[in-house]
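> Dock chain B against the given chain A, drawing on the hints supplied.
There are 2 protein chains.
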Amino acid sequence: MTTINQNYLELQGSYLFSEIAKRRTAFIQNNPNAEIISLGIGDVTRGLPSSVLNAMHAAVDELAEPGSFRGYGPEQGYDFLVKAIIENDYKSRGIDLALHEVFVSDGSKCDVGNIQEIFSNDAIVAVQDPVYPVYVDTNVMAGRSGSFNPDTKRYNNIVYLECTAENQFKPSLPTQKVDLIYLCYPNNPTGMTLTKDELKVWVDYARENNCLILFDSAYEAFIQEKDVPHSIYEIEGAKEVAIEFRSFSKTAGFTGVRCAYTVVPRDIKGFDAAGNTVLVNDLWNRRHTTKFNGVSYVTQRGAAAIYSPEGKEQIASLVNYYMTNAGIIREGLASIGLEVYGGVNAPYIWLKTPSGMDSWSFFDKLLGEAHIVGTPGVGFGQSGQGYFRLTAFGSLENTEKAVDRIRQLTL
Amino acid sequence: MTTINQNYLELQGSYLFSEIAKRRTAFIQNNPNAEIISLGIGDVTRGLPSSVLNAMHAAVDELAEPGSFRGYGPEQGYDFLVKAIIENDYKSRGIDLALHEVFVSDGSKCDVGNIQEIFSNDAIVAVQDPVYPVYVDTNVMAGRSGSFNPDTKRYNNIVYLECTAENQFKPSLPTQKVDLIYLCYPNNPTGMTLTKDELKVWVDYARENNCLILFDSAYEAFIQEKDVPHSIYEIEGAKEVAIEFRSFSKTAGFTGVRCAYTVVPRDIKGFDAAGNTVLVNDLWNRRHTTKFNGVSYVTQRGAAAIYSPEGKEQIASLVNYYMTNAGIIREGLASIGLEVYGGVNAPYIWLKTPSGMDSWSFFDKLLGEAHIVGTPGVGFGQSGQGYFRLTAFGSLENTEKAVDRIRQLTL
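Residue numbers (this note's numbering), protein chains in the order written: chain A, 243 to 653; chain B, 243 to 653.
Only chain A is shown next, with the shape it has when bound in the complex (with noise of 0.2 Å):
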């Protein structure tokens, strides 16, 4: 008899997705010529940067001859990569890392996923609530979580960090021992962001508790703000609690292309179970190389592309392309009074559910009303009951559209 993963059990079903997925459905049904604007899901909708296709096109017709071909590739990534990342993500804001630190992978959800494995499995989770489910279902599978508690909607032993328009999103310290605190900024859903003193903070708390900071940067190139950290590693001592997760995802229209990097420095210590120095990194870089075997080498050299002058220039106006759909759903929303966050230094926009709204109750007045789909805020926990989540990542012209569908409703 082959028993399972007990642990499986404890999972919530992707209610969220699919919920959504059935209302619209049922909608269309309804309404057979209603044209949806979806401002909903998180994926990109631009054409790739004509730097990184070339670079992809050159890499796929080198892969024509025995000469050129590239097989197998370090596991860690090409340090044609490598290189890129650290000399332009790091070392231009003045923070040093050696090659061995980054290990470039096929997407953040498999990194900040699989990074639980590598500690102890009677660590103490905690996470941002609203929260990306990612952090909390690995850990649930890893059996980390304890129950599920259907009265809070919440499991026994992860602990929740809340953010709401009351703390202005920004959580407060943990009150219990914790070992592994997630943090996401810029925020999805919420859109919001830490200042350098606000993040330091958390830096270290880190150092005083001996906790580990799992921190979720995937939308790092859409900061506007000067005082915003770009890297967690721009606060003093990070490099001792902090492992960061990178994605080119929505830095460059990558979602179908599939890349990233998670940064491990060599100054995390852990500890094993008779207190003896174990390097994070040695950890990291054993399970990489075991489970894992490389990024596409024409993904690759898609990636090192963006870091060319062309290629900035060009992932900086497709940055600003989405960003002015933020700003058009943000300045839209707050014209008509609606509380809105977010939408500054990211591409989310966060509103306050208008009359004390529930979440799913606004969804269906905006797709019912204004025949736009966007995520209810409880969807992602408890903290985002009456919240609701839009994002900038459609066209222009839909943006605009939905925007004005929503200044003519009746909030």
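Calculated directly from the structure, the hints in this document are not laboratory data. All residues carry an ideal CB built from backbone N, CA and C; glycine is no exception. A few of these clues could be false.
[Stated by the list, open to error] Simulated pairs of lysine-lysine, DSS-like, Cα-Cα distance not exceeding 27 Å:
1. B:Lys325 <-> A:Lys264
2. B:Lys594 <-> B:Lys395
3. B:Lys442 <-> B:Lys333
4. A:Lys325 <-> B:Lys264
5. A:Lys438 <-> A:Lys554
6. A:Lys412 <-> A:Lys325
[Said to hold, decoys possible] Residues from chain B shown here face chain A by an in silico Cβ test under 8 Å; the list is partial:
7. Met298
8. Ile337
9. Asp338
10. Ile360
11. Cys453
12. Ala515
13. Thr541
14. Tyr549
[What the hints assert, rightly or not] Over 12 Å on every C-beta distance to chain A, these chain B residues come out as not near it, computed from the model:
15. Pro274
16. Lys333
17. Lys511
18. His613
Only chain B this time, still in chain A's reference frame:
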């Protein structure tokens, strides 16, 4: 204090390939003019077929414009690829599979490494010896292996199924209760296969003893003989007890392009602690969608092109190229009285070292006297001691030259 996953400390150093690199480097330092030929690595060397290249170029072009852009795809793979897989790799052999029984991934190494996650941590694991190290290492990381015994050089809780010349590299059934059995056919490293009748013994055993077969079939494309099954599902009842792993890496030269797939039939039942049935397909789907974000669109289009009429011809020609090499090695070595195995249905040749030399002594002799790098069999497990692996993935010219050199050795 962040405590680590203590199981990682039981991992043994990846001694094999670092030791090979060390001895090779030392040799080159002392013999800078020697022309070394590597028949050691398991990586392909030919260029990609034009059908694949054309499909990849076309896919890159699609990503240029919003109208044809592809962002996130289904984590399980696009239907166009899954349908091609089912139609060509299974239906053509009389095997019916549903779309949701096939999971496209970025590599078999990932899949065979990750599959253990969905089973209980106290599952008893059986592996062939010699063995592809990933099966063992990923179970060590999960805590299923028990301690490493430095005397036997084996893990205490893993069941090793010995494969030597004495049993024609066909392991005996386990004599103790096991839950998960990793079988690899055509085998890496021995290059040997099972007939249908021989594989049926394992399927029947698994059905009678409620265990699961994890069938690694990465080298399926190299099968030449009629009685060798291409899929474990050719055996009646296998859909209830076997997960099958396939790869495009060696089939089509995708080691740097990254694509594979795993078949998890809906008929496989797992059991929770209370004895309730849980579909293993559901568990793997949940794992795959939570920790993985799909294979690069460009790669998937390239993989699908393999199934076009032109693609099939080109793949057959690639396989033929490598199998010609295999024949040259096999026959060349046999002609001087060496005991050789494999190389008929697989790109690996497994030879018994002459005069009772141990694997590393033969490595040194081959490198020192013939300037050829191969892989010591003992690196794959204790039952590989006194054996040696050569691969057929080099160029025809180098393969012929290498065999000529070996023929001139005094053995």
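> Confirm or reject each hint.
Here is how each hint holds up against the structure:
1. With a CA separation close to 26 Å, the supplied pair Lys325 of chain B and Lys264 of chain A stays within the 27 Å bound.
2. For the hint pairing Lys594 of chain B with Lys395 of chain B, the CA-to-CA distance comes to about 21 Å; that is within 27 Å, so the pair holds.
3. Proximity of Lys442 of chain B to Lys333 of chain B is assessed by CA-CA distance (about 20 Å); at most 27 Å being required, the pair is judged to hold.
4. Among the hinted pairs, Lys325 of chain A with Lys264 of chain B is consistent with the structure: their alpha-carbon atoms are about 26 Å apart, no more than 27 Å.
5. A C-alpha spacing of about 25 Å is found between Lys438 of chain A and Lys554 of chain A, which places the hinted pair at or below 27 Å, so the restraint holds.
6. Between Lys412 of chain A and Lys325 of chain A, the direct Cα distance comes to roughly 34 Å. Violation of the 27 Å bound is thereby established for this hinted pair.
7. Hint status for Met298 of chain B relative to chain A: holds, with the closest Cβ pair at about 5 Å, below 8 Å.
8. The closest approach between the C-beta of Ile337 of chain B and any C-beta of chain A is roughly 22 Å, which is over the 8 Å cut-off, so the hint fails.
9. For Asp338 of chain B, the shortest C-beta to C-beta distance to chain A is roughly 23 Å, which exceeds 8 Å, and the interface hint is violated.
10. Satisfaction of the interface hint for Ile360 of chain B is found here, the shortest Cβ-Cβ separation to chain A being roughly 5 Å, below the 8 Å cut-off.
11. Interface hint status for Cys453 of chain B: upheld, as the beta-carbon distance to the closest one in chain A is roughly 6 Å, under 8 Å.
12. For Ala515 of chain B, the interface hint holds, the least distance from its beta-carbon to any beta-carbon of chain A being 5 Å, beneath 8 Å.
13. The restraint placing Thr541 of chain B at the interface with chain A holds, with a minimum CB-CB distance near 6 Å, inside the 8 Å limit.
14. Because the smallest distance between the Cβ of Tyr549 of chain B and any Cβ of chain A comes to about 19 Å, over 8 Å, the interface hint for this residue is violated.
15. No Cβ of chain A approaches the Cβ of Pro274 of chain B within 12 Å, the least distance being about 23 Å, so the stated non-interface status holds.
16. No beta-carbon of chain A is positioned within 12 Å of the beta-carbon of Lys333 of chain B; the least distance is around 28 Å.
17. Distance check for Lys511 of chain B against chain A: the nearest CB is about 8 Å away, which does not clear 12 Å, and the non-interface claim fails.
18. The beta carbon of His613 of chain B is kept farther than 12 Å from every beta carbon of chain A, the shortest such distance being approximately 21 Å.
In this structure, the earlier hints numbered 6, 8, 9, 14, 17 are contradicted, and the remaining ones agree with it.
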